[in-house]
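From just these sequences and the hints, can you work out the full model?
Here is what each chain is made of, one letter per residue.
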Amino acid sequence: MAISQQVFLRDAMRRLNLTRDVFAARIGVKRRALDTWLLPEGSQEARTMPEVVSRFVTEIVENAALMQKYAQSAQSGPLRDRIAIDNKHQLLSVDQFTRESVEELFRVADLMQPIARRRKVSRVLEGAVLGNLFFEASTRTRVSFGAAFCRLGGSVCDTTGFTFSSMAKGESIYDTSRVMSGYVDAMVIRHPEQGSVAEFAAATNIPVVNGGDGAGEHPSQALLDLYTILTEFSRLGKLLDGAHIVMAGDLKYGRTVHSLIKLLALYRGMKFTLVSPPGLEMPEHLLDQASRNGHVIEQTHDLAAGLKGADVVYATRVQKERFSGENLEGYSADFQVNRTIVDACCGPDTIVMHPLPRDSREGANDLSTDLNHDPRLAIFRQTDNGIPVRMAIFAVLLGVEGLVQHSLRDVTWTPPSHIGPDDSVFHGID
Amino acid sequence: MAISQQVFLRDAMRRLNLTRDVFAARIGVKRRALDTWLLPEGSQEARTMPEVVSRFVTEIVENAALMQKYAQSAQSGPLRDRIAIDNKHQLLSVDQFTRESVEELFRVADLMQPIARRRKVSRVLEGAVLGNLFFEASTRTRVSFGAAFCRLGGSVCDTTGFTFSSMAKGESIYDTSRVMSGYVDAMVIRHPEQGSVAEFAAATNIPVVNGGDGAGEHPSQALLDLYTILTEFSRLGKLLDGAHIVMAGDLKYGRTVHSLIKLLALYRGMKFTLVSPPGLEMPEHLLDQASRNGHVIEQTHDLAAGLKGADVVYATRVQKERFSGENLEGYSADFQVNRTIVDACCGPDTIVMHPLPRDSREGANDLSTDLNHDPRLAIFRQTDNGIPVRMAIFAVLLGVEGLVQHSLRDVTWTPPSHIGPDDSVFHGID
Amino acid sequence: MAISQQVFLRDAMRRLNLTRDVFAARIGVKRRALDTWLLPEGSQEARTMPEVVSRFVTEIVENAALMQKYAQSAQSGPLRDRIAIDNKHQLLSVDQFTRESVEELFRVADLMQPIARRRKVSRVLEGAVLGNLFFEASTRTRVSFGAAFCRLGGSVCDTTGFTFSSMAKGESIYDTSRVMSGYVDAMVIRHPEQGSVAEFAAATNIPVVNGGDGAGEHPSQALLDLYTILTEFSRLGKLLDGAHIVMAGDLKYGRTVHSLIKLLALYRGMKFTLVSPPGLEMPEHLLDQASRNGHVIEQTHDLAAGLKGADVVYATRVQKERFSGENLEGYSADFQVNRTIVDACCGPDTIVMHPLPRDSREGANDLSTDLNHDPRLAIFRQTDNGIPVRMAIFAVLLGVEGLVQHSLRDVTWTPPSHIGPDDSVFHGID
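Chains as they are written, first to last, in full-length UniProt numbering: chain A, 1 to 430; chain B, 1 to 430; chain C, 1 to 430.
Hints may be right or wrong, so weigh each one.
Using 35 Å as the maximum straight-line C-alpha spacing, the simulated DSBU-like pairs for lysine-lysine come out as follows [what the hints assert, rightly or not]:
1) 88/C to 30/A
2) 88/A to 30/A
3) 238/B to 308/B
4) 88/A to 30/B
5) 252/B to 88/B
6) 88/B to 30/C
7) 252/A to 30/A
8) 252/C to 271/C
Some residues of chain C that are not near chain A, with every Cβ distance over 10 Å (derived) [what the hints assert, rightly or not]:
9) 29
10) 88
11) 181
12) 370
Since the hints were made in silico from the structure, they are not lab data.
Just so we're clear, the structure is a prediction, and the values are computed from it rather than from any experiment.
Built from N, CA and C at the ideal position, the CB exists for glycine as well.
What follows is the structure, given as structure tokens:
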């Protein structure tokens, strides 16, 4: 490049208004590497930045400029107003997002990474109370939302169990929601019945997050899935526009793929390959919606054929608990994503995802554990991303995203450099 | 009035030692309104204070003077010592209160309103741990106590389920209580058996709050009910002495009305109209107790007749779960408090209350939802008041009520101006 | 003594590098008493230190010197590295401890006492989140760990119930553990199956504490038991080396005594008397292990004979829930530790312990309640010690033990001087 890499990088950081730490995280490199690229060329420790980084940074800066221009015209005011539903700061569906607003949310999630990775602590929501209302068991989603709220400094009141004691006595959703709203500052609601979370949300003006409503939506899962894809692509120097996404498994009842395909369809020139056992195909209306945007959609029952050229393989569990007439205990072995088929059909830059939990019992033929040591398996990076994404959702809905950066303090304790013994080297805390 | 309203109001605030914010809250007006009354008379924005406010403030100042006098003689020392039971800082029954001490508690609750209404944050109990022990399901009471403790800066350890695992192994209440007391700084206990909370309380010196013990007491509910009546009356410019209170519904098993009538009987010249289906009348000993104080008590089975001239209509749910022989699924339609009968029999200043939950299923004939948009319906203002009242209970029992005022910080997030979409305009956060 | 007691005491505090508060706690006397000993001899309030205190302080100083010498050679680096298992900062078994490292842990627990006794507050772990995962009900252990973490300033996410919702869907322990590790900073795991906690621990690099794994270990219980013995002995001016420990009851399934005898065997010249009903004797491998260290072990079925000369009587509950073929509802009356037998066989300095819960139902013949007012009964001092010991475990595993001392602030609330109405005078908070 014509200008020196130091000038180029400094200029990029200035235009993007990012610190070195955040910039390094944004482009998926270690802070130490960035530092060596920023050293004067004569310096002994100085290193040359790889070409892909240069291209990626150029892309980011150009996109940011576009985005800013867009922001100055169509968009204005806080993000929570732009994604609002019925003028309320609530997150019920991925349909509330545009490409621009979802990426703005992810920039807030990027801000949360130093906290999620336990290098920094924030108390920006100190004094706020979350009502974490789970009318259906989902331990991990509950803990993920709860931990995210705690990491912003707030407190959490949990409820679990199939029903509130008061609802068992005939209380309406309207009353339950309005009463809880007087106690807490935000609610996450998980409920087995589709539409019930919207009913809760209608009865209150406080922020409500849909934590999954039966066959309905689970927007925070789709958001963390998309965030994971973007983060992984950023590390690999790929762009999402034009990518090839394979979704494999139970695409009929797999709620997560329904929401994810909607979000991915906000990008340009996508290719979706949908691999499912007969009878578990993706519903027509979702196919229509995605293809209206000019994306290429292919459907097949042949996993090996489908995986060819995939940038992302998104495998799903059989949602037995939602079956109405289908007769299936697990997948046949033909539908299992495992090391053999991934090695045979995918490249070194493919990433393998799954919404978890995966059924690891024999005969389930869910995503195989033989990929656990393979750096392409992104499933735990995916669940890890639940924390920054859910922190971003809370911060945006409560309108404190602008206070986070200056609220950061160093952690007092010393976390392990990698939280999982099989975590890939590029996924360390540092 | 002879003196200018500015001098009058300033003098009142000085005598009562209240800030403008707290004074405005005390008299139930917006701070903005108070500000306009305090402007110099010539000023463009200045407004004339309504006559009712002037009377109300006069009454408050006179009462405060009386109270102070009383305080200097009979009462002395911290409130928690005056309401103590067996020399312990515990709240087991409404019988622990006099009119003076209950109003002193409510002045602390008033201090908590800026926190409860999410304008201020306090961390005055930072480091303290609450044991929130629910041996009987009562999700909302549990969350209300938990959120109240969190809003004071404390942490909460919850237990739910019909029994402790240790008690299932034959552990005595004495042991359970003493062991838990070594872990936490205060306990709320909900238990299905009458008297059991007192047994817990006897085994510890740490603050214990009775969160409901079967057919026994639920003092925090009665306190928030009385606080709601006083707050509503304050807004309406009414005094509680001499008021007409209608209690309607299951007065036999409705624990809340039993405790509430005891507290109301601390006031002067009350008229109680008790409307119940045959067989669900208020127990004799409570009637005796209330009438001993010279209050007028009328009993009827005719709801319309009973509602005439009511200042407060307190409706209750059928406590089916406490029935021993009675044969009743819900109320007959004759006992339903609904819009038609309220419009027909009550004035614009009547307030309608209910301990909640209400049974909104068809045929239950519990308090009707057709009043939801009627500003006379105070049920959600009532549950909202659970937070400041329970905060006050904790602050008083732990002896930190004097530290609250100076611990207040502004909230970082921006809550909605009204937490419920149907909240009346006078019930905004601002 | 040749030198004045003031010089002696000041020198000791300097050598031990302890504040007056901590030093007083270390030697088990009230701060006020220590203060009077430190006053100039002529002063009116000055008191003479008892001979036993002088001997005890001498012992402590000498031991500390030895320990320091030892520390400079064999030991180095943070405690968590020395007790690490598979290079991880996890606590799975008491086998991870030497006498030196266990006493180092207890010095950290001593630091925690002002917090545990509610005189001080620390926020040293602010921003950290504990995953308190209880796959088996154990309310009090869960609350004890949770309260300990809260008292260090952290937040707690609890899970209870026999299984995770995700594990019910076939998720492996590996996946559950790794996913949770992305949400929280440390995990406590209680699980009904022996070995399962180690499986959880293997799948993560974050600190894991074994909260009990079936017939396996429950190391924090054994540690608080040993800490209690040492603290009680310190108060009584006794040394643990050479002490006579009686363990009575179900020694076959009583997990706590298995771990405790291993820890006690780290000391010198112990005498263990093991009293159990026929068929519930301590397993052979534990007897072998303890006797290899040269300790004296006696086994008997005669409680009265066994109690003679005991320094500690450790009674246990019948672990019916772990019986496989044994036919026993409770103990026969012959095995009950009660006032009559303690008065007949034990001296005034014997201490009586029990892991709790004790079965207080008639016919269970578990540790009798008729000792509740006897100062020798240490069971509640024992459970109280769960807080400082568990705080120490967390602080050490997370590497913040060095920050605690300077993080202390005064409590804002005023706790009772004794938390239990029957607490002995020497067990006050002050």
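Outcome of the hint check:
At most 35 Å may separate the alpha-carbon atoms for a hinted pair to count; residue 88/C and residue 30/A meet this at roughly 24 Å. Between residue 88/A and residue 30/A the alpha-carbon distance is near 39 Å, which puts this suggested pair outside the 35 Å criterion. Pair hint residue 238/B plus residue 308/B holds up; C-alpha atoms about 17 Å apart against a cutoff of 35 Å. Between residue 88/A and residue 30/B the alpha-carbon distance is near 24 Å, which keeps this suggested pair within the 35 Å criterion.
This hinted pair checks out: residue 252/B and residue 88/B have alpha carbons roughly 31 Å apart, not beyond 35 Å. As the CA atoms of residue 88/B and residue 30/C are separated by approximately 24 Å, the hinted pair is consistent with the 35 Å bound. The straight-line distance between the Cα atoms of residue 252/A and residue 30/A is roughly 40 Å, outside the 35 Å bound, and the hint therefore fails. In summary, the hint linking residue 252/C to residue 271/C is supported, as the alpha carbons are separated by about 19 Å, within the 35 Å threshold.
Against the 10 Å criterion, residue 29/C stays outside the reach of chain A, whose nearest CB is about 32 Å from its own CB. A cut-off of 10 Å between C-beta atoms contradicts the statement that residue 88/C is not in contact with chain A; the least separation is 8 Å. Distance check for residue 181/C against chain A: the nearest CB is about 5 Å away, which does not clear 10 Å, and the non-interface claim fails. No Cβ of chain A approaches the Cβ of residue 370/C within 10 Å, the least distance being about 39 Å, so the stated non-interface status holds.
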